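Taken in order, these protein sequences are the chains called A and B.
Residues in the first sequence are numbered consecutively from 1, following my numbering.
Residues in the second sequence are numbered consecutively from 191, following my numbering.
Worth double-checking, as some hints may not be accurate.
[Unchecked claim] Keeping only pairs whose Cα atoms sit at most 30 Å apart, straight-line, the calculated DSS-like set for lysine-lysine is:
no. : chain 1 : residue 1 : chain 2 : residue 2
1   : B       : 414       : A       : 153
2   : A       : 84        : A       : 153
3   : B       : 440       : A       : 153
4   : A       : 102       : B       : 658
5   : B       : 440       : B       : 594
6   : A       : 153       : B       : 807
7   : B       : 411       : A       : 153
8   : A       : 164       : A       : 179
9   : A       : 153       : B       : 444
10  : B       : 411       : A       : 179
11  : B       : 838       : B       : 711
12  : A       : 84        : A       : 102
13  : B       : 440       : A       : 179
14  : A       : 179       : B       : 414
15  : A       : 96        : B       : 658
16  : A       : 179       : A       : 102
17  : A       : 153       : A       : 83
18  : A       : 164       : A       : 96
19  : B       : 711       : A       : 153
20  : A       : 179       : B       : 444
21  : A       : 164       : B       : 444
[To be verified] If you want a taste of the chain A side facing chain B, the calculated C-beta under 8 Å gives, among others:
no. : residue
22  : 32
23  : 35
24  : 36
25  : 40
26  : 42
27  : 79
28  : 83
29  : 86
30  : 87
31  : 91
32  : 153
33  : 154
34  : 155
35  : 174
[To be verified] If you want the ones that stay clear, here's a sample from chain A, every Cβ over 10 Å from chain B, calculated:
no. : residue
36  : 50
37  : 98
38  : 99
39  : 115
40  : 160
Hints in this document: simulated from the structure, not taken from any laboratory.
Quantities reported herein were computed from a predicted structural model and do not represent experimental measurements.
Just so you know, even glycine gets a beta-carbon here, dropped at the ideal spot from N, CA and C.
The chain contents come next:
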Amino acid sequence: MTRGIRILWVSLVCSALAFPCPAQTADSGDSSEYLIKAGFIFNFANLMQWPVNTFSNPDSPIVIGVLGTDTSGGILDEVLAGKKVNGRPFAVRHLKRGMDLKGCNIVFVSASETAHLDEILHLIRNLPILTIGETPSFAQRGGIINFIVVDDKIRFEVNVEAAKQADISISSRLLALAKIVPQADGSKVQ
Amino acid sequence: MNKYEVTLQTAVAPTRGNHSWKSASGSCALNEPSRRQTRTWRAAFSVTANRSACLKRILVTVFATMFIATSARGDTGQGAPDVTAMSVEDLMNLQVTSVSKRTQKVADAAAAVFVITQEDIKRSGARNIPETLRMVPGLEVARLDHNKWAISSRGFNGRFADKLLVLIDGRSVYTPLFSGVYWDVQDVPLEDVDRIEVIRGPGATLWGANAVDGVINIITKPAKATQSGLVQVQGGTEQLTSDTVRYGGKVEDKGYYRAYVKYFDWASGNAASGQTAADGWHQVRGGFRSDWTLSPSDSLTFQGDIYNSREGETLTVPTLSSPYSNTFQNVGHYSGGNLLGRWTRSSGDSSFSLQGYFDRTNYSDNSLFVDHESVFDIDFQHDFHLGNANEIVWGVGYRSIQDKNVSSFTVSVQPSHAQYNQFSAFVQDEVNFLDSRFRVTFGSKFEHNDFTGWEFEPNIRLLGNISKTQSAWVAISRAVRTPALTEEGLRLNDVVIPPGAPPFNSPLPVIEAVFGSQQFKSEDLVAYEIGYRVQASNSFSADIAAFYNNYTNLRTAEPGTPFIEGNPVPTDVVVPFVAKNKMGGGTYGIEPFVDWKALSRWKLFGSYTFLHMNIHKNSDSLDPTPDLPNGTNPEQQFYFRSSLELPKHIEQNLVVRHVTGLPSLNVPGYSSLDGGIRWTPAPSWEISFNGENWLNSRHTEFAPDFVNTLPTVVGRSFNLGITWTSGKR
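With the rest of the complex left out, here is chain B:
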């Protein structure tokens, strides 16, 4: 098991969406529906629509085709093809209609794992990584404006949500600045994504601190799987354009590589009030990946990316002079790059890997903050069998973080130039009992960081194979979230109360400011989880996970002693709120999902999320924020998708989803109907047309925290994409 990939049993190379119908037996064509059937159906389905005729026509077509597909099942009298009458060449052309890849891949994981396959990405019409995450049970995905997202797992959502670890090909993309993710600069050409593995719950042992409530691992295809040229052009209403060119090749039989360039541009949206916002953005990015076989047992991967991005927002900041607050269009500029190398040697029953990467992120913004971050990370992992029943994985790692920043009136982080070291080690033993019927995995991660010293994160998991098709698991883990740079050295001026104004009636302006603290401790979690999986047949699989999380030492902002600033003449009074760890409580939830291939051409997927949060301040906390139920997270979410293969290589997808409201942020719940079609007129061409929020239920999904960015509305949007690939793909 490789730390950089979830436990997988098979080495199956997943596919790019190939829904070809052709089989040697030629039995796949649908019969034409009889006229009589169509007319009867139309009479039965009457839509009293007050909406546009266009929408009615769309819905009628959608459900007409579904019904036709359904009633034309009479073609299947012949059953399975006679494989003994087929030649080897014919057999090699047959498509294996596998059970849900999703369940197959995670069948042995004693954790709440969800895999987003390349097929899922295409069917969802997602334009970027955050949009692909909406289908995952247990994740909250809220779009703040066109370029900012609040994404979390199992609670505590926010733009700077800090309990989720995100990796791209083994490289951690969470920023130590606020222990969160700059979603606006994590981008990978979606065509080259092999899969996205999401583990809800502590991934602590293998991935370490800050993987408290989840780990998202975005895995790109090996270079060998992208050996062709690819040109993709997209155009639409919110995402004005997104264009990718990629080329793949090989070096004799020793190595494979690919390189890409991508550009995208998003328009600005509208605020809830209707005014045009300033959240347009554009980004240019390029990168490469190469995989080398140095010997039958040694392989090397080398990859890197660079990017440059400009994005806007409507920002409100406090000022020290009348009118004491300023709202304006702010432009942020990101640039950066990364380089990663990984050497893996596997021989017989053991393997080890050595990985090093360098990541640089530059953020500069006229009015808020300038930050330059360099991360250098080196990691070693060894995997071996001990006897017949034990598989042991252990590893050590070192990370160096260098931060250089320039403050503004609103945001300042001290020290402005610093270097931090982190050391980590982990060990895990997986023991098989009763001929692999039961498996116990236990282990721990040990970390040392410059703020809190040593941290220890043990966990224990048990997986049982109840039968050939069912398995269940339980787990208990401890996870910590170590302090971020901001929690140690931030000063954020939140709001300025004008002189003479209540509640202070002070002669000087009063700044309410949030401060970090050197005494800030790690946040702590003990998680109790349970899950069950069933693969009832070739066409039905279901998975359900439930958890109870017990948190302590969660961050609060405790009022401190006000002080006067200004020398020699006082300019303002500061009312400080200092970061402390005086909150705790429990959360629990349940996350089922189902994959059902209702017909060989009709696949259904559904997921549901329930989350209840009972988090409250300790009795000695004076933080003025009220304890709000469920905080910034919806109590329920629902996602349903239907994918229907039609004749002439057309696939039609329909998504219905619903998210309940966030009362503490005054954000109401919303529903969205998304969908589109995908057409493959020839093997090298794919044309897709997708719409999000077809019913145009205009809504905002979140409210700003810490930094006062104006949220913009999610309305109806369309996206048309054309993809051409050369050669054999």
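Chain A extracted, bound-state conformation:
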């Protein structure tokens, strides 16, 4: 037994020595959760339409308000920098609860705001803002799109009534890939 253990330890040490510095192992080919969500948000902007008078100029930016703690470290800013949808660039704003959300076209409600969802959604309920969330009951409570993780992959739920109330039209192609979620009882957006 001792000989076997000696071989074992020798092998482990050899492999440890052969091993390059762990600091180099940062996200190599990894697709982090927020990177993928940023990709989705880019696509959503492409596959939906705001009401006619939402933007003042053809090249007014699409304003995305990130509400709450941005646990992704600003990945949305990085991914969308320099990108355009229908000729419009993106402008990402990091907002804290209580700040004015009316100037946004998209509001991404991060998980840190879970306890205040009803309040937030109530505030912007009739405005043409695409609300995107990442907490379990977001869509049922009036959010328009909600990210969920299923089997280590990102999926999204859509509340069609909430989209109608915000006067936002979503491409049927996107709806076909979504999980449609009805508005829950007793917490109507109206």
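Here the structure of chain A is known, so what remains is to put chain B in place on it, guided by the hints.
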């Protein structure tokens, strides 16, 4: 927070091992190693092996692949994929490489929690639930023979270890007979296990008495997650075969269900002396689970299992006639079943659940004991928010236990037919301060049982989020272990001293026997715990927990007045040892574990356990057992696992573990090298090959207590499994 699940922030449905490489950007393939690299490496690594060439080849391959994976990292020049160039369909196919699910799920728990994920189960090569528990820091897992285990948390290990509560989907599986667990009949098809949550330390407030040093909660996947057919066939050297068939389906959109049948058969092992033992066993089991959505806010779960098991052991019992002890092959027969229903309603900020279950266990054994136990339990829990900062959980429960037994010369439990009632209630308030930066949880459980009356178990916990990635917690709790049926009414004839033999030199045979007592009190614990967690990056997380436990009223066996038995002619003298509570002391320990994704394809996990026990009898105790350091628990344990994803959907796993010795049981320490590969040639097929104890360091892990079962050796064993799933999984 549901009492039946540890505090979880997310509702993430965990995955079945899917380590698919495919991503829309197609950037995941490893480069082929250059010939030059391979040759240089081979020269550098020389193994002076006196072992078999086979073993050398295995080790060389293992470390060659690791090195190749390492040096081929040059492929990653491109960094992250450009998600804005990908379609929605492509994005939906990307695998989220999440941080350790383990840490993510327990980030908010103010307790020493460890989650065994389905991935962990697959990577460990475990064949049953006890084997999955070996990786958990703070747990002692010792295999006594092929069908018996001694499992405990933070000390006091034994086959009848009694300070650990085990639940399967909210149903308590500890037997009131000896307040322990029949590990041999707790089995769930491992494919259908979602996760196993282990809390070391008193889980008292939510789960109640007997969750003194820990709670293990085995949670199966919801029926919705097992909607396919599954056939799994395993064959190997110790576990000769284990075969499971499972089918899942749904009823429109209202409900999901699954049903399974499982059979396994284990061979007999060998004793330390080399002789063949009689510990083979086989078991047939079937069950179902169904989950229904009655309305947007109401759900119902209904599940059940039945089983039939036969197991052997080499047993030694005392007898009243020469040679006064008899060793023979004993066969035990278990059968039983359970049925559980749970209704949950959640609306807005509150939820409640009502659960009822029925559990029947029959044990019969030719020579030792026959026991029929029926447990009926009903539990209600309500969870609501009070204002912005308080979350309150409270509940009430009732349990009825019916026991019917038939005694033997060796074991008798009085009364032979009885019914017991337990009432319990708990309340807990979780208060958030400073925008959830701090959280204080305090509460208590109140229980009434037929032996000791009312018991009160308060605890208080504080969790602080030091930063986005770090948190720390402290807790003080009181827990009790209420008396088991055996502690009240047992007589166990331990050994018979022949007439004329020392130390008694008695004309009649002398039986040394252990007795329970109606005056036996609950064992008491006050636990002081502290812990720290850090999630340094997407690929590194660490957790460390430490504790000091102060015990009082621990069980001893105090000598009583000898008496003569036999009417009208005396047959024997009995020297009784009566259960009393005359022991106490302190234990302390530390339990760190680390998850490190060294490369996107190479995951490392390590855990360490240190436990020091300073338990001693009170000054007025006359129990003849000496106070032994650390008792029946190892002082240190170490577990390390490496999981490497190779090309062609192959995963290679390697485990190195070490457990130090148990001097009081004359069981030396041991090391084990386990490992194997898992191959997914197509989405519906998985083939796995695992070996335990590759270096064949033959060892026993424990020694018998109370019942003299011959321990058998853990040698090298292999297991080959093929799993097929139909449909979309």
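Tested hints:
no.: 1; hint: 414/B x 153/A; result: holds (17 Å)
no.: 2; hint: 84/A x 153/A; result: holds (26 Å)
no.: 3; hint: 440/B x 153/A; result: holds (23 Å)
no.: 4; hint: 102/A x 658/B; result: holds (29 Å)
no.: 5; hint: 440/B x 594/B; result: violated (40 Å)
no.: 6; hint: 153/A x 807/B; result: violated (56 Å)
no.: 7; hint: 411/B x 153/A; result: holds (18 Å)
no.: 8; hint: 164/A x 179/A; result: holds (16 Å)
no.: 9; hint: 153/A x 444/B; result: holds (25 Å)
no.: 10; hint: 411/B x 179/A; result: holds (21 Å)
no.: 11; hint: 838/B x 711/B; result: violated (60 Å)
no.: 12; hint: 84/A x 102/A; result: holds (22 Å)
no.: 13; hint: 440/B x 179/A; result: holds (18 Å)
no.: 14; hint: 179/A x 414/B; result: holds (16 Å)
no.: 15; hint: 96/A x 658/B; result: holds (16 Å)
no.: 16; hint: 179/A x 102/A; result: holds (27 Å)
no.: 17; hint: 153/A x 83/A; result: holds (24 Å)
no.: 18; hint: 164/A x 96/A; result: holds (27 Å)
no.: 19; hint: 711/B x 153/A; result: violated (53 Å)
no.: 20; hint: 179/A x 444/B; result: holds (16 Å)
no.: 21; hint: 164/A x 444/B; result: holds (27 Å)
no.: 22; hint: 32; result: holds (6 Å)
no.: 23; hint: 35; result: holds (6 Å)
no.: 24; hint: 36; result: holds (5 Å)
no.: 25; hint: 40; result: holds (6 Å)
no.: 26; hint: 42; result: holds (5 Å)
no.: 27; hint: 79; result: holds (6 Å)
no.: 28; hint: 83; result: holds (5 Å)
no.: 29; hint: 86; result: violated (14 Å)
no.: 30; hint: 87; result: violated (15 Å)
no.: 31; hint: 91; result: violated (16 Å)
no.: 32; hint: 153; result: holds (6 Å)
no.: 33; hint: 154; result: holds (6 Å)
no.: 34; hint: 155; result: holds (7 Å)
no.: 35; hint: 174; result: holds (7 Å)
no.: 36; hint: 50; result: holds (19 Å)
no.: 37; hint: 98; result: holds (13 Å)
no.: 38; hint: 99; result: holds (16 Å)
no.: 39; hint: 115; result: violated (7 Å)
no.: 40; hint: 160; result: holds (16 Å)
Checked against the numbered hints given earlier, the structure breaks hints 5, 6, 11, 19, 29, 30, 31, 39 and satisfies all the rest.
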